[in-house]
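Spelled out, the chains give:
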Amino acid sequence: MKFTRRETMLMALGATAAAMLPARAMANVDDLVAAFTGGADIGEGGLTLTAPEIAENGNTVPIEVDAPGAVSIMVLATGNPTPGAATFNFGPLSGSQSASTRIRLAKTQNVLAVAKMADGSFVQVSQEVKVTIGGCGG
Amino acid sequence: MADNVKPKVRVPKTASAGEVITIKTLISHPMESGQRKDGDGNLIPRSIINRFTCDFNDQNVIDVTMEPAISTNPYFEFQATVPESGAFAFTWYDDDGSVYTESKDIEVS
Amino acid sequence: MKRTGLLQTAGMIALMTMATAATAQDDSQLVVNGEIEMITDAPAPENIGGLKTIYSGWRFRQSEMQELQMDDFENPAALLFDDAAEAWAAVDGSEGKSCASCHDDVEASMIGVRAVYPKWNETKGEIRTLAQQINDCRTDNMGAEAWKYDGADMTGMEALVSMQSRGMPVNVATDGPVADIWAKGEEIYYTRYGQLELSCANCHEDNYDNYIRADHLSQGQINGFPAFRIKTGKLTQTHNRFKGCIRDTRAETFSPGSDEFVALELYVASRGNGLSVEAPSVRP
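Protein sequences, first through last, are from chains F, L and A.
Heads up: the first sequence at position 95 corresponds to 95 in the working numbering, and the numbers run straight through without jumps.
Heads up: the second sequence at position 10 corresponds to 148 in the working numbering, and the numbers run straight through without jumps.
Heads up: the third sequence at position 62 corresponds to 309 in the working numbering, and the numbers run straight through without jumps.
These aren't lab readings, by the way, just hints derived from the structure by calculation.
A few of these clues could be false.
Calculated cross-link-like contacts (lysine to any residue; reagent style SDA-like; alpha-carbon spacing at most 20 Å) [as the list claims (entries may be wrong)]: (1) A/Lys299 x A/Gly521; (2) L/Lys175 x F/Pro81; (3) L/Lys151 x A/Asp318; (4) L/Lys146 x L/Thr229; (5) L/Lys242 x A/Asp274; (6) F/Lys130 x F/Glu53; (7) L/Lys162 x A/Asp274; (8) L/Lys144 x A/Phe328; (9) L/Lys242 x F/Glu53; (10) A/Lys299 x A/Asp274; (11) L/Lys146 x A/Asp274; (12) L/Lys144 x A/Asp274; (13) L/Lys162 x L/Pro150; (14) L/Lys162 x F/Pro92; (15) L/Lys162 x A/Gly281; (16) L/Lys175 x A/Gly521; (17) L/Lys144 x A/Glu321; (18) L/Lys162 x A/Gly521; (19) L/Lys146 x A/Asp330; (20) L/Lys242 x F/Lys130; (21) F/Lys107 x L/Arg174.
Some, not all, of what chain F presents toward chain L, calculated at C-beta under 8 Å [claimed, not checked]: (22) Ala118; (23) Gly120; (24) Lys130.
Cβ atoms here follow ideal geometry from the backbone N, Cα and C, with glycine treated the same way.
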């Protein structure tokens, strides 16, 4: 079996991609939280997560996070195959340390938010969102 | 570049100095998660917008790292402090290297 | 004890209702963009026997879903309108015409159109749905190819035209030359189809506001169509919705654009006479 230089390079690229992918796919919730906090203790309070109790469709679930004084807030969909949703980093001109977006939830699960506060401490909050298999037909 | 990517932002036209305003952004993008399969059972490769930033007169308002759990047509709502007249710059970064931008002026009276 | 599938279904619906009564159809009011006030409930039209009050499907949605329809910026369908607006102005076919060649500005010329469709066409002596009228314009006036009845081009154009009537009450004629077609639509509405032996009325008249599994049943009003469905991420046309419903009864369905669905659309549209045109609505 012979390979051209081009094919060899493509294979090398493929191998690199393959080596990187599993790490990404296997990154679980604990790892993601640890990567965000650097292993620091996580407290509670001062962080609000607003999400519906029941989502009529898991494709678009509105969520809002709010943590006055936070530097950044990470949101995880803990029951998704890849739990990462978003990390909001607030700049000097942010008018509040809050943000809203819409996320996908593969099934009923806990949505977890972890905030890094200005003093370097961390707080977290989670909420269960029930995902109904709604919307018949069409 | 994903087809038909169109950014939309809503920013008030005027504000008073130091006022906190609400900004809404929306961009048309499939946000292919990398989890779905096509009709033949093959995995559709991930193709998402992975970062969104909003700056005002070169100072950062918000910088968002985006992951596959963000819904199709990513939507963000957040607040910014407006110290003076100037321009908001919005930037979305696609997995494929494309960059989509939008800007909005605001007048401080 | 003799148990039929239907009884089981009824029992299940009853159970679900008790468990989830807290989220039942509410009395929220729909105002779009802070200016278009929608009529989301009205007295049932006189020729609709099974209902006292008619309700827009919006009233059966959860607040998170409702909010998506209250502001065009948040309505996912709004992202699709640029394409339809381009198509409105695009010359197509042998006559060198676009929609705009005859109808100018869509925002002015199409006001009120959606509210009265399906409608009898006197010249041709036939009933037309809005999609059929659009295709007639394309083939007869523009010399262009007809669009697929429920394709994305057609659904987008239908949404663009419908949107110009937002807030106006649906007012389709049910008498005169369309009386027979309306009666046929009514018959289809009350006919049980499929292995599950369900008619439109079983869910949307007898059991609206109850739950069928996780789905909060509405009256099946079509004043919000084409509707943006979160499930598919696309606009869904009335006939597409009909097809999905009939398929869910495990029946062979009629085709989009068929005489049966045109008759059913006329009848179902008339069940919403008095509700505001809401298209494009947002539904799960």
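Comparing the hints with the structure gives:
Distance restraint check for lysine 299 of chain A and glycine 521 of chain A: the Cα-Cα separation of roughly 13 Å lies within the 20 Å cut-off, and the hinted pair is therefore satisfied. Proximity of lysine 175 of chain L to proline 81 of chain F is assessed by CA-CA distance (about 14 Å); at most 20 Å being required, the pair is judged to hold. Straight-line distance between C-alpha atoms of lysine 151 of chain L and aspartate 318 of chain A comes to about 18 Å, which keeps the hinted pair within the 20 Å bound. For the hint linking lysine 146 of chain L to threonine 229 of chain L, the alpha-carbon distance of about 11 Å falls within 20 Å, and the restraint holds.
Under the criterion of a C-alpha separation no larger than 20 Å, the hint pairing lysine 242 of chain L with aspartate 274 of chain A is inconsistent with the structure, at around 38 Å. Of the supplied pair hints, the one linking lysine 130 of chain F and glutamate 53 of chain F holds, its CA atoms being roughly 6 Å apart against a limit of 20 Å. Taking the CA atoms of lysine 162 of chain L and aspartate 274 of chain A, the gap is near 28 Å; set against the 20 Å cutoff, the hint is violated. The hinted pair formed by lysine 144 of chain L and phenylalanine 328 of chain A meets the criterion: a straight-line CA distance of about 11 Å does not exceed 20 Å.
A C-alpha spacing of about 36 Å is found between lysine 242 of chain L and glutamate 53 of chain F, which places the hinted pair above 20 Å, so the restraint is violated. Taken as a hint, the lysine 299 of chain A and aspartate 274 of chain A pair is honoured in the structure, with Cα atoms around 16 Å apart against an allowance of 20 Å. Distance hint between lysine 146 of chain L and aspartate 274 of chain A is unfulfilled; the C-alpha atoms sit about 32 Å from each other, more than 20 Å. Of the pairs offered as hints, the one joining lysine 144 of chain L and aspartate 274 of chain A is violated, with about 35 Å between alpha carbons and a cut-off of 20 Å exceeded.
Of the supplied pair hints, the one linking lysine 162 of chain L and proline 150 of chain L holds, its CA atoms being roughly 10 Å apart against a limit of 20 Å. Distance check on the hinted pair: lysine 162 of chain L and proline 92 of chain F sit about 19 Å apart at the alpha-carbon level, within 20 Å; holds. In summary, the hint linking lysine 162 of chain L to glycine 281 of chain A is supported, as the alpha carbons are separated by about 16 Å, within the 20 Å threshold. A threshold of 20 Å between alpha carbons decides the hint, and for lysine 175 of chain L with glycine 521 of chain A the separation of about 44 Å lies outside it, so the pair is violated.
Under the criterion of a C-alpha separation no larger than 20 Å, the hint pairing lysine 144 of chain L with glutamate 321 of chain A is consistent with the structure, at around 14 Å. Taken as a hint, the lysine 162 of chain L and glycine 521 of chain A pair is broken in the structure, with Cα atoms around 34 Å apart against an allowance of 20 Å. At roughly 15 Å between alpha-carbon atoms, lysine 146 of chain L and aspartate 330 of chain A fall within 20 Å of each other, so this suggested pair holds. About 38 Å separates the Cα atoms of lysine 242 of chain L and lysine 130 of chain F, which puts this hinted pair outside 20 Å; it is violated.
The hinted pair formed by lysine 107 of chain F and arginine 174 of chain L meets the criterion: a straight-line CA distance of about 15 Å does not exceed 20 Å. Checking alanine 118 of chain F against chain L by beta carbon gives a least distance of about 15 Å; that is not within 8 Å, so the hint is violated. The beta carbon of glycine 120 of chain F is not positioned within 8 Å of any beta carbon in chain L (closest approach about 19 Å), and the interface hint is therefore violated. The beta carbon of lysine 130 of chain F is not positioned within 8 Å of any beta carbon in chain L (closest approach about 17 Å), and the interface hint is therefore violated.
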